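J.: Take the sequences, apply the hints, and build the full model.
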Amino acid sequence: MVNPVPTLTTPTPLWQRVDTGDATVAVAERAALGTGARVAVWPPESLGGALAAVDGVLGALDRQASRFRQDSEISAIHRRGGGLFLLSDGLAEAIGVALEAARWTQGLTDPTVGQALISLGYDRDFAAIDPARREPAGSPAPAPGWEQVRLDGPLLRLPANIRLDLGATAKGLGADRAVRAAMAANRGAGGALVSLGGDMAVAGQPPRGGWPILVAGEPGLAGSSGIQPVRLSSGGVATSSTTCRQWRRAGRMLHHIVNPRTGLPAEGPWQMVSVAAATCADANAAATASIVAGAAAEEWLASTGLPARLATHDGQVRYVGGWPDADGLIGIPPDSHVYGRARPAGVR
Amino acid sequence: MSNWTAAALVAGTGAAAVALAHHAFPVSTPAASTASATGIGGAAVTSGAGGPQASHAVATTSGSGVVVTTQTKTVNGKVVVTQVRRPAPYRDY
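As given, the protein sequences belong to chains A and B, one line each in that order.
Just so you know, we're using the numbering used here here: the first sequence kicks off at 1195 and counts up by one.
Just so you know, we're using the numbering used here here: the second sequence kicks off at 6 and counts up by one.
The hints are simulated quantities; they were obtained by calculation from the structure and are not laboratory data.
Hints should not be assumed to be uniformly reliable.
[What the hints assert, rightly or not] FRET-style restraints, in silico, Cβ to Cβ: (1) A/H1272 x B/K83: 49 to 59 Å; (2) A/T1218 x B/K83: 18 to 28 Å; (3) A/A1378 x B/K83: 40 to 50 Å; (4) B/K78 x A/A1489: 38 to 48 Å; (5) B/G82 x A/T1203: 44 to 54 Å; (6) A/L1280 x B/T79: 57 to 67 Å; (7) B/Q58 x A/G1516: 22 to 32 Å; (8) B/K83 x A/G1516: 28 to 38 Å.
Predicted model, so just to flag it, every value in this text is computed and none were measured.
Don't be surprised by glycine CBs; every beta carbon is placed ideally from N, CA and C.
T.: Right, here's the structure in full:
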């Protein structure tokens, strides 16, 4: 199963330019992977090449890892019902990152939660889920455990009872890949930021003081829990929230962040958690793990040394690891926990 | 956050929207602007010299659910930057 990444020289016509008010950077956005993708670059004239490169990465990731596409590589694996598989480099990296994230978070994230999500009703493209079905969700399906999945380079051994879901790391991985591709398309000149559904990675030289970004709570939340401006000069930032991707089953509100140990939506004090890390995949995994960790999240985050911003359901905001409490640069430790052993050289 | 003003308005996005207006993000760079770090791929990057000045937010991190759009207009001779939060449709892995 080889999914070569096509080399695109011109971007798709889906992109729309965004005027941020600064002529020094060029920004464009499009729908992608069921969410929004946004690319910011400088110098502005490098935008076309960056967008074409990002298109290639997003298309490849969707074909590799989307469990909602019948023609994706991961769907083909699931249809086989377990066994030994030779993966494309891209899917091998994606699963490898998910497994490393599970090891790092001690199972707070776990790619074997696929069946748990299906049991809860998250069994199709989110936009296609009936948000108020009357029948109850299926029985809770605790994750079988990431330790049962064996990955040796491109060889995957998957037990028959396991369905993978890479939701804790896939968007972050995609942002990491896309920003690398954007920089490569412009031969390393200038700088780039790529955001996939709010999980973002930066590379190259940032604007002075860092890329200006916003941390935003749900509409209706005001004050410090509503919107915070910060700046990012390296690595990535990701946010996980329990108030998006919600649906009902028999009157019970459910959401997409599943506690692997129970197979049920994670409960706890946090409405949203934002984490910055050396890569967006690290940040993505840490943000999801923090939601699952609940009351223990601050202690776990402190042990990682990662800057984080945690907002409670009643609007209180906590900062750990040096996350600025006002507009300021986020300082990020340089080491990644989920790459290294997981990343084959040159994979996009 | 000190430069945030109290102005709030509802923009016509058709979605439930809360907007906060402020003049702009600070133009001055943070004190740590010359710090260095390691970027993706291991290349050293700095947040200081060499890059352009960017005062307005280029992206939003929001748990996938919220998109903030920025609108800039001049009111009574002052530039007012408005952020409008709106929910977005999503699918996810």
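J.: Each hint needs a verdict: does it hold in this structure or not?
T.: These are the hints, each one checked on the structure:
Range check, A/H1272 to B/K83: about 57 Å between beta-carbon atoms, so the 49 to 59 Å window is met. One distance hint, 18 to 28 Å for the beta-carbon pair A/T1218 and B/K83, holds here, with the actual separation near 21 Å. For the hinted restraint 40 to 50 Å between A/A1378 and B/K83, the CB-CB distance of approximately 42 Å keeps it satisfied. Range check, B/K78 to A/A1489: Cβ separation about 44 Å, and the 38 to 48 Å hint holds.
Between B/G82 and A/T1203 the beta carbon distance is about 45 Å. The supplied range of 44 to 54 Å therefore holds. The hint said 57 to 67 Å for the Cβ distance between A/L1280 and B/T79, and at roughly 60 Å that hint holds. Between B/Q58 and A/G1516 the CB atoms are about 25 Å apart, so this pair conforms to the stated range of 22 to 32 Å. For the hinted restraint 28 to 38 Å between B/K83 and A/G1516, the CB-CB distance of approximately 34 Å keeps it satisfied.
Comparing the model with each earlier hint shows no violations; every hint is respected.
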